[in-house]
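Chain V is fixed; fit chain A onto it per the hints.
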Amino acid sequence: MEATATEAARTNGRPPDEEARASLPTRLLRSVAGQVQKRIPAADLDERDPDYIRENLPAAWLLSSLWFRGEVRGLGNIPETGPVLMVGNHSGGNMTPDTTVFTLAFCAYFGVERPFYQLAHNLVLSMPQLGFLRKYGTVAASHANSQKALSARAALLVYPGGDYEVHRPSWERNRVDFGRRKGFIRLALEHDVPIVPVVSIGGQETALFISRGERLAKLLALDRMFRLKVMPVSLSLPWGLNVGDMLGHLPLPAKITVEALPPIYLREEFGAEPDLDEVYDHVTRLMQDTLDAMAAERRLPVLG
Amino acid sequence: MRVAEAIEVSAPPSVVWKVVADPTRYLHFLAGFTRWEVVSDEPGGVGARYRMLMRVGSAEIGGLIEVVEWAPERELAWTSITGIDQRGRWRLRERPREDGTMGAWVQLRMTAGVAGSGILGWISEQVAAPTVRGHLRRSLQQLKRQVEHEELRERAAARRRARAGASG
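Residue numbers (my numbering), protein chains in the order written: chain V, 946 to 1249; chain A, 25 to 192.
Extracted from the complex, chain V is given alone in its bound form:
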């Protein structure tokens, strides 16, 4: 029994004969995928370390204030206590400067003592150089982790658009695009927590994002291997042409502005059994309207 389980784990759960029939590149890819998946840490909210966050606030403040000239508005809209689901639009490729700016502002405003978690793509958390993110409360994006965080009465930041939105082309920078993903609404209803939309602008100006590379991702079977639906192509520092953005890039010092909107209490606004599509359209419309207003404030790309 134990031997079978070990064999299944080695072959990523596939029958051994199917694994044997697969071509060498396929087996190699599967092996890499297996290794990566093994690196993804289990959901452990205890890894968040308030002292670590506190000691690193000055470094985050320097980055946010000097490089990104971050400006965060509307933090007073976030309920002072209790669980809350913050839903953001995501930008900036794998560097996601909007998360850095917002996390700093949130921790400074509410104090590092308030439990605050952020969901990130599995691949981000499996990168050894990004292990420190777990101390900030970043956990792998999964339903189980979301459940645990909200059950622990924490504030949870999610980006429904995920890798799909974060790698959108630069000319779509002022567009909220969740790809019709509605899991966040089910989550808010399940735990009966308010949704606070968090709108950010500027992240997509930190490089020239050319394409999501969805076809390339499909061709390389990245979706099945790593849950990656994109293989982004961008022009960024210091690489020039950057395919995949796996090693990250040096973000341009674009001004990042973030605005937290008033909380939405779903059952109060949409009844006992809200229609998911209606809520989705409402939340994304609110966010898009805010993003349009923020875009109108900007005079020049990068400079803000």
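Calculated from the structure, these hints are not laboratory results.
Glycine included, C-beta positions come from ideal geometry on N, C-alpha and C.
It is possible that some hints are incorrect.
Partial chain V-side listing against chain A, Cβ under 7 Å, derived [claimed, not checked]:
(1) Leu-1002
(2) Ala-1004
(3) Ser-1010
(4) Leu-1049
(5) Glu-1058
Below, chain A alone, put in the same frame as chain V:
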């Protein structure tokens, strides 16, 4: 970071103290501060607690603070409970003025930082210091204006009462 700013006010320390000792008035004259709310049962005195925030760069910094020294018309000091490490102090002293009346010398001090934050913490303090100093300077200027206006209004009211008494 240690920042201190001082100002001369044309009103005695007792008048300045009325404003400094009343946390509900802080947001009327503190510049750059976005929150100063009482979170303890008692609004003043040793042990009173406030939640305060000040905008510096891209964040609002501060936290929960507690009053540790309360000497009416002389000293009011606080220290942080949560948030960044900070100590603050109001110092009020009498200063005789040229016209023979009594004025006040008012100093506002703040020491802030994050213990254990290393060299980047030190750099961030140096970068933030001018902003904090500017907040304190403008706060004192606004305090002076507010106190002196109140003092003038009170003197005018006293003169009106005296005239009304003399004519009556």
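Original post:
Regarding the hint that V/Glu-1058 lies at the interface with chain A, is the smallest CB-CB distance below 7 Å?
Top reply: holds (6 Å)
Original post:
For the hint on V/Leu-1002, does the least C-beta distance to chain A fall short of 7 Å?
Top reply: OK, holds: V/Leu-1002 within 7 Å of chain A, min 6 Å.
Subject >> Interface hint compliance - V/Ala-1004 to chain A, C-beta minimum distance less than 7 Å >> reply: holds (4 Å)
Original post:
Does the interface hint hold: is V/Ser-1010 within less than 7 Å of chain A, judged Cβ to Cβ?
Top reply: holds (3 Å)
**OP:** For the hint on V/Leu-1049, just tell me whether its beta-carbon gets within less than 7 Å of chain A.
**Re:** holds (6 Å)
Figure legend: structure checked against the earlier numbered hints; every hint is met.
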